[in-house]
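*Asks:* Protein chains in written order, with the numbering used here: chain A, 1 to 255; chain B, 1 to 482.
Think of the hints as simulated: they come from the structure by calculation, not from any bench. It is possible that some hints are incorrect.
[Unchecked claim] Sample of chain B residues lacking proximity to chain A, with all beta carbon distances greater than 12 Å (derived): (1) K46; (2) P79; (3) D178; (4) K400; (5) G439.
[To be verified] Which bits of chain B does chain A cover? Going by a derived footprint, with three or more residues having C-beta under 8 Å, they are: (6) 419–431; (7) 448–455.
Idealized CB from N, CA, C, for every residue including glycine.
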Amino acid sequence: MSKVSNILEIAGLHARIADGREILKGIDLVAKPGEVHAVMGPNGAGKSTLSSVLVGKPGYEVTQGSVLYQGRDLLELAADERAREGIFLAFQYPVEIPGVNNIYFLRAALNAMRKHRGEAELDAAQFLKVVKEKLKLLDVGEDLMKRSVNVGFSGGEKKRNEIFQMAVLEPKLAILDETDSGLDIDALRAVANGVNRLRDPGRAIVMITHYQRLLDYIEPDFVHVLSDGKIVASGDKSLATELEQRGYAHLGSAA
Amino acid sequence: MANVETLEAVRSAGVEGYKYGFVTNIEAEEAPPGLNEDTVHFISAKKGEPAWLLEWRLKAFRRWQQMKEPNWAKLKVAPIDYQAYTYFSAPKKDGPKSLDEVDPELLATYEKLGIPLGERAALAGIAVDAVFDSVSVATTFRETLAEQGIIFCSFGEAVREHPDLVRRYLGSVVPQGDNFFSALNSAVFSDGSFAYIPPGIRCPMELSTYFRINAANSGQFERTLLIADTGAYVSYLEGCTAPQRDENQLHAAVVELVALDDAEIKYSTVQNWYPGDVNGKGGIYNFVTKRGACRGNNAKISWTQVETGSSITWKYPSCILEGDGSVGEFYSVAITNNMQQADTGTKMIHLGRNTRSTVISKGISAGRGQNTYRGLIKIQPGAEGARNYTQCDSLLVGKKCGAHTVPYIDVRNQSARIEHEATTSKISEDQLFYCQQRGLEQEDAVSLIVNGFCKEVLKELPMEFAVEAQKLLAVSLEGSVG
């Protein structure tokens, strides 16, 4: 069954927001294990709506179309169930949770997933081992773990923390929402290196970005251009280069 | 310092609502309902008290008759018929001489409550005094403590065995006529705990009292008196539960703490009286007067409370900082869910020079709960160099609850330094969604966020209490979102 080997299969997806405005107007996208997809587009094209709908954020209504995740209907699952099934969103604006230790938060998350998969939960010592390994892999400082979740983090630290969480939670499908926004070039490089280390034959990554510059560091297998709620062009990495030279307007009108 | 695993605690607590709501079938000896001088005589006679204590009670009773209930708190209290309550209820057996003589039914009750008595206490390393309705039923570990000269016993026993200590300190921190409820308690208090730590002794284990109201329509009026003599240290834990009943039960306790020179008392409470049902039916009226006096120089009294239960909480654990350099602390978490109301806070009365106080209050309102912080910082003219830091944070869960902060600051010495910070926030949709996107269920997410909010207070609790407190926070907030 070739269908089930797809991690993500979006077909004819329409969605609207609370005020009734239709934002997604028919999206098709298929992601297989090991693939990295970049979804690009101008502001207001529906990029963030697409990621929100995929992770089940409240406030969006799917009116048409379907989303299959590993062959099953994703849209019937609640947000936390989707997460436990292996869908991870690296937030554009990671949220602060005062008083909750970062490492504690992450262990709660990992154990929720392990429990869901019928695996034994990790105690503090076992978890620390996992964390140390991943910190090394991503070159993240240990002090980040002891602070409250995202509280007082710089923009770069927040984004690195998201990627670090991804490393620990080992999702099947990772959606990176504007992970490059607000980063200086050094921070961008560090975050991109992290993502590259997390490329995996069993994992699909969907990167949502406004700028082409992220793709200089994380090379996608496929590039999709989103405009006015539809994918107007798909191709390989060269599409992104073309886009940079000629702008979104050109592609939008070509569709 | 407590470092506990919230989510595990939540899971083990399960969806159980108020799990302490059972009633124990035990034969009780009760005073006839109602309150008059005969009731006071009855209680005093039942307890075989000396004449001076009977007189003391009667004086309080006469005072009480002339007093009115306080009405300044932000609480809606239905009229209380003090004549409808029973003021004395005791398990119907002569007082046990040792644990072996305690009614097995009672022991089973305490076991259900998770209170370690006897051998289980030894394992837990906590000395426990358990008060069931009106009388103290068992005090564990007394011999171990006695070796160091520490007295830990029921109040009734202290009256018999250590009358001088009791007479010297009883009512010295909370005078009979301090308020309506302290007067009532002074007239009809039935039992409670007493502890005395001799000079220079550091109490080697946590002392603990568990209060349980079992009998229907009965009030519980316990009296606790702790004295830490010069250079002594004691950490004291208090827990409370009650069966689930439709009527409102009355709890009006008085706690007095005395710390002499260089002594330290740490007093922790996890209050989980039955809160009433979703519509506000039943539940405990908790009208409690708690106060500590730092009588000596460099004495320290620290209150930590986690208030999750009761339909109404009226409680202001306070410190009178008499000795130079003495320190008062108040750490509080108060939750109101459904129809619960709480008006709680502290009073820090600075009398001595260079006295310091810290107040950290975390109020959480959910459902239609109303939560008020009410605090007084008073710096008297002689309190040269006094300092206070107060932080009051309120967290709102949902749209129908209320949080109120009423700080009073009264400074009569120019050298004082007072800081007051207050915040009010809501659990945001964004925080909840962020947690859910990481795989946490909504209720676990709420519990995690609330525990984070309360962290500064929870870390003050002794370990075993912190576990219970975290479970309670989770259970208390079940169903409060969505």
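*Asks:* Examine the segment 419–431 of chain B for residues whose CB is less than 8 Å from any CB of chain A, and state whether their number is three or more.
*Replies:* holds (count 4)
*Asks:* If we take the beta carbon of B:D178, is the closest beta carbon in chain A still more than 12 Å away?
*Replies:* Per Cβ check, B:D178 is outside 12 Å of chain A; nearest 36 Å; holds.
*Asks:* Could you let me know if the closest chain A CB is still more than 12 Å away from the CB of B:P79?
*Replies:* holds (41 Å)
*Asks:* Say whether it holds or is violated: B:G439 keeps its Cβ farther than 12 Å from all Cβ of chain A.
*Replies:* violated (4 Å)
*Asks:* Mind checking, does the segment 448–455 of chain B have 3 or more residues with a CB under 8 Å from chain A?
*Replies:* Three-residue rule met by the segment 448–455 of chain B, so holds; n is 7.
*Asks:* Minimum Cβ separation between B:K46 and chain A greater than 12 Å?
*Replies:* holds (48 Å)
*Asks:* Classify the label on B:K400 as holds or violated, using whether its beta-carbon is more than 12 Å from each beta-carbon of chain A.
*Replies:* Nearest chain A Cβ is 20 Å from B:K400, so the label holds.
Violation of the numbered hints given earlier is confined to hint 5; every other hint is satisfied by the structure.
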